[in-house]
Each structure stands twice: as C-alpha cells, then as structure tokens.
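**Student:** Below are the chains, spelled out letter by letter.
There are 2 protein chains.
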Amino acid sequence: MTVLEQQGLAAKQAARALSIAGTTQKNAALAAIAEGLLSHQDDILTANASDLERGRQAGLTPALLDRLALSSERVAGIVEGVRQVAALPDPIGEVIKMTTRPNGLTIGKKRVPLGVIGIIYEARPNVTVDAAILCLKSGNATILRGGKEAIATNTALAEIMRAALVSAGLPADCVCLVADTSRESATELMALTQYLDVLIPRGGAGLIRSVVEYAKVPVIETGTGICHIYVDSEADLDMAADILYNAKCSRPSVCNAAECVLVNRAVASAFLPKAAALLRQKNTQLRCDPEALALLGESGVAASDADWDTEFGDYILAVKLVNDVDEAMEFIALHGTGHSECIVSQNYFTVQRFLNEVDAAAVYANASTRFTDGFEFGLGAEIGISTQKIHARGPMGLEELTSSKFIVYGTGQVR
Amino acid sequence: MTVLEQQGLAAKQAARALSIAGTTQKNAALAAIAEGLLSHQDDILTANASDLERGRQAGLTPALLDRLALSSERVAGIVEGVRQVAALPDPIGEVIKMTTRPNGLTIGKKRVPLGVIGIIYEARPNVTVDAAILCLKSGNATILRGGKEAIATNTALAEIMRAALVSAGLPADCVCLVADTSRESATELMALTQYLDVLIPRGGAGLIRSVVEYAKVPVIETGTGICHIYVDSEADLDMAADILYNAKCSRPSVCNAAECVLVNRAVASAFLPKAAALLRQKNTQLRCDPEALALLGESGVAASDADWDTEFGDYILAVKLVNDVDEAMEFIALHGTGHSECIVSQNYFTVQRFLNEVDAAAVYANASTRFTDGFEFGLGAEIGISTQKIHARGPMGLEELTSSKFIVYGTGQVR
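From first to last, the protein sequence lines stand for chains P and F. First residue of the first sequence? That's 1 in our numbering, and the numbers climb one at a time after it. First residue of the second sequence? That's 1 in our numbering, and the numbers climb one at a time after it.
Hint data in this document are derived by calculation from the structure and do not stem from the laboratory. Each hint should be verified, as a subset may be incorrect.
Given that identical chains are not distinguished, each listed pair holds provided it fits within a single copy or across any two copies.
[Said to hold, decoys possible] Cut-off 20 Å, straight-line C-alpha distance, at most; resulting in silico cross-link-like pairs (EDC-like, lysine to aspartate or glutamate):
no.	residue 1	residue 2
1	K12	E330
2	K110	E357
3	K109	E376
4	K148	E53
5	K97	D373
6	K110	D373
7	K110	D90
8	K12	D326
9	K110	E399
Since the model is a prediction, treat every value here as computed from it, not as a measurement.
Can you build the whole structure from these sequences, using the hints too?
**Tutor:** Set out below in structure tokens:
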C-alpha cells in the first residue's frame, strides 16, 4: 500500500463513523476547531512565516504571496467561517420524499454524506479549513492536497483540526492532509477510485485540465467563467452601464466577473461612450471588434480572435456589437463557459427568451453576474461553483456535498 | 474533425433546439417513433435476422443470441414502452425552488436537460430505443454506441427514430448512432469532452472498468450488484426464507439479485435447512463457510475466498454465519458493491441501525432486494441503476436525466 492508499483507507473508515455522527457531535467538533485555531494562532502564523520566507526565496509574485499570507485578522476570519458553518442546518438525515407503493412497500429517499471527498487546490491556506469544515458538517471525510507553497501552514492547520476532531470523539482521519506535494501525489489522488467518492479541484484552468485528463474518480468541476453582458436595444442604458461596470470592475480576478459585453447595434453609439466613461475609472482596456472600435476611437484597442475565448481576470473587457438577442445567444453558446450570463433589457419577451434559452449555471436579467456565489444565493456557504451539469451546477453549498440512499420498509414483500 | 466529432457537434446543436422544445412537440415525436416502429416492423425484423445470422456464424452463445433477437412481440413491447414514456410527466421546466433575497433579487432553480448524453451498451437492441426515448422526453440528445452484434438492427431502429423526429419538427440528430463499433470508437466517445455532457455505460463489469479507465467526460456508473440478505437472530424465519428465495432465484442474472446470505449464528441451525429446501427447487448451489457447511452437510459446498466478492449471476449463493448485526454490517461494508442490502428482523432497533448505517443505493428491511428498479420504485421508467454517489444513486428515471440552472430576476442590482 502506498502512503496515499493508507490515507485513503483511513479516511474511508473515518467516513463510516462520521456518516452516523449526529449534528450535536459534528457541531462540537466544529466548535473545537474554532477554539483550536484561536488558541494555536501563534503556531499557525509561525508556520505561515516559514512558507512566506520560502516563497520569497523561490521568487513568488506579490499576488501569490498575498494569497499565501495569513495574519491575526485572516485567522479570525477563518474562525468566523467555522462558526458560521456550525450554525447552518445539517443537511444529513433529511428524507426528501417518502411514498408507499401499491404493494405496501414504504420507500424513502434519504440524504446521506458522499463519503470521502478529495480536494486539490493551490496556494491559499484558508481553503484547507473552509473545505474541511464544509465536508465535516455534511458528514464527509476529506483528503486535502494543497499546493507546495503552503505546506507548512496547511500541516499546522490540519493538525489543529485533527486534534479537535479527537477531542469531540470523532476519528482524526475525518481530515487527512497529503504531505507529499509533488505532481505525482496529485495524479495518484485523482485515480484513488477505491477510497475516494468524489474529487473537487479548486484552482485555475491548468489544474482543471489536468483533472479532466487524469481523474478516474468522479469529479465535480469548478470551472472558469467567461461571462457575458448583453445590452439589448431596449435596455435602460444607465442601468446597463452600472451593471457592466460592476460585473467587470468590482473584482476582476474572480470567475463571476464579466469578460465580454455584447451590445445591440441600435444602442451602441449611445451606450458605449457611457460605459467607457465608467470603465475608464479603473483604466479598463476595451478590446473591440472593428465596429465598436470605430465608435470608441482612442478609448479602445482592436480585439484579437483569442480575446473572445479568454478569461482575462483583469481590467480588460472584450466588446462586440450584435444585431439582436439571437446573435447574442449564438455568440454566448459558442464562446461562453456555462458560468454566468446576463441580459439587460426592459422587453419582457426578450428577457424571457434569454433566461430560457441560454445554457449556463446562472442566467441573469438586469443584475450583475457577480452575484453567482453561495452566500449571495442564500446557500449559507460555498465550496465552489460547478460549471458541469451532473450532480451540482452553480454555487455549491452543504446540500451539494451530499448523496442519497433509498430506505425501504417492507413486511415480507417479494417480487 | 473525426466522424465522431462531427456527430458530437451535430448532437450538440440538436440538443440546443431540443432543450427549448415543449412537451407537446416531444410527445408528438414519441408518438411518431411508436408509429414508425410499428409500420417499419418488417425492416427491423429483416435487419435483426441478418444480425442473428452473423451472430450464429460468429458462434455467439444461445443466451447472447436470445438477448439480440427481436420478434413481433418484442417490437410490440418496445412500442408499448415508447407510449408509456410519452405518458410520463415532463420533468423539464419545473422550478424546484424560488426565493427572493434581501437585495430584491429573485432566484429560481429550474430543471433543464443535461444536454448530450452518450450511451455505451452491448448486445440488446431494445436499449437503442429505451435509452433514446428517455433522453428525448427529458430534452436530451443522445449518441448511441451499441455492440457490433446488433449493428444492423440498431441502424434500422435509429433511422426510424430520426425520421420520426424530423416529422415532428425536431432535428434528426437528437438521436445519433455511432456506425463504427470498434473498441476505438468507444474509447473516443468516452473522451469527447467538447460535446458530451455525460456518459452512461450500460453493461457488464468489463465495460464499467473500461469506462472508469478511459472516460474523460462525466460518467454515471451503473455498476454491479453483490447484494446481501442478513437474517437476524430475531427474524421471522419463514419470511426470511421466502425473501432469500425470491432475491436469489426469481431472476439470478440481474444486478438486484442476492449473491450472499449472512445468517445470525443463533438461528442458523433452524434457518439454513428451511432456506435450503426452497433454494433446492432451482438447484441453487450453496457455497458455505465452514460452520454453515457443517450445518448443511451435503446440501452445500465449501466457499472459496473469491466467492465473497463475486456477482454470480446464476443459481449460486454464498452462505456465511455471523455473530450479530455489527458483524453483518462490517462484512457488507467490506464485500458489498453499494447496490442493495437487506435485513430480515422483527427487532425495531436492529432494523433502524441497519437502515441507517449500511451504505448502499437501497437498503431494505424485510423485503426482497429484487425491488430495486425504477418501475417498482414508482419512477415510471428506468435508464439504469446508479451505484455511484454523485448526481444519482439507485434507479434513475427521467428526473435523473436532468440538470438545473439558476434563473435570476433583477431590477438593476449590483454587488
């Protein structure tokens, strides 16, 4: 058995115990985790300082170092997150529907944990705690495989969580951290079919591609977002400019930020200068098709073909004119990633068509795509945003970390 | 573009049209399919005769030839299936929940099709129609890749369905049949990530293993069933024998048939002769652990280690004694495949523990495992029985062939 297989077996055994733990016990473990993170804050920050030092020597970018860095405030934020999850309703045990069949069999569909969830992620150490506690609350054991940059911090965090689990009477192996941060350990985890029930990658396009390539276990893909705003001929143009500005500029690095605006030709000359004036506040570069460029002049630059299929993650926006909602929807079908898509329009029928026909995890009328988020959607928590269609689509909360089983009450029925 | 990629693209485009087709139009297509199958029955039977002739020359077993064979009666059965699916409620368009957030956004979760579903299956040509119509009713396009033994029959069936689709105003490519039945075409289909939203393999353990190995698209695994009957110390022994006999002998080739009985030591000497008397009616071979063998004498044979992990699919039953429900559940956790598991007991607490703690798609108290089936569970239809935990678990009907999307009604909200 490899080290990872041993962890897998241990996690699977822990998951069995955890699957029948009551809410009270799981919440006690979460309280102990919050407690432990606070009382061992110094250990966490010391470990983090060593990761940061190593990162600086390895020449990590300031942005990456910032993602890696913890502080008292950030630890307090993580602890607050643990307490919020403890306060959420426990999804496990709910019987979703129950019916009695003509032969007298009573059949219920009961919500149960998935089992063992693998999480592969990159530099941010807060994911270590976020992912583990969401899985814990929903009755799942986790095998965490974070990036090498954060290994000292992650080890400290995992040890605190494992000790807290034991103090609450649960197996330490409900939370397992993979110590080996080589590429090989990630690939091995992706193929651990005997022990993993599902794998959730959290990271950039490169990680997702690698998971699609190598994973043999079921995967919930949390994909990239190339989100569009379509400004209809009947849009309120001020509202459209506000929504576009918010969707592009409030936080351009995230997946629900807009990357492309599609503007109806009928309103392009009125809308574009209005939008450009707002976007200029953040020095947003506008990469335009020829017609939009003609209207924007020096405010824009010419778009390349690749720009229509790029998640910029920056103050860059692709701009294209279209004839009507049909051309907009056609373009979105071709270039969208199925994340979040928005129409701004006052026409009832045009809006309804867009909401019905566009195929994405979230489709908006007259609101910013930036709302695609577990908290904003009222799920209380979020482990990621699924852009695949099976199991879960869009923001995933606790319910999306569960499966179901049929429980059948008989009185001797045979078939 | 390969031939399969061209089919994938065509299916994806057809799926867009199908996703917004109303129930009336989909039911019209289903009626036209039923009609077409009846009026072209001669073509179907002629094609089937050529498959059978080829199969006989290739030395297929009688069992395989029987699965491959169609007759007027079997065609009538397929047509009846089409009419039943047409009569089922359309799952698409239902808004599962809808709430208004504090900021005024109204957010609904709407049931939508998965998109393009790949089906890989073996010799049975009825699957060609069954799978296509369930996908059609739930708004999905299909790419069907059946076994080479049935290619002539499948081609005839697919052509009839494609013509019927066109007559109802839907694209023919809502149903695509892969003409190339080589192993390579199956492997290529498993990796068609650009066009396939999900792959459902329907077949034996070898096919499932190959899919786990090669699939890059999301898979819904319809796995094997090693199902157990645990006869508790407080079981009604006549009921237990009836349930065991039904679970083993009513149709031993199917995945919900029992393969192993676990008998509480306290009742073994009373139960085993009773059960053996029933099982003897079908000449069922009892492969026993040493203690059970001592009790059964000449009625049993010694089990090998492999017998505890084998889906016999035949009149063969593994027999083992256990101390209590804990030992039974431990054994099931180790040797079960998560399909269907049963306890026979009159003790309330023992039954509740078994139902809560055993991890399987369906867990039974005092009824035969043979009920694990979409029709028996009241789903109205079945495309397979999932033994994985994500997306769907247990019998899958029309709802399990759907995804969801969030529709968000705003009035200018920004974040």
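**Student:** Check the structure against each numbered hint from earlier and tell me which ones fail, lowest number first.
**Tutor:** none
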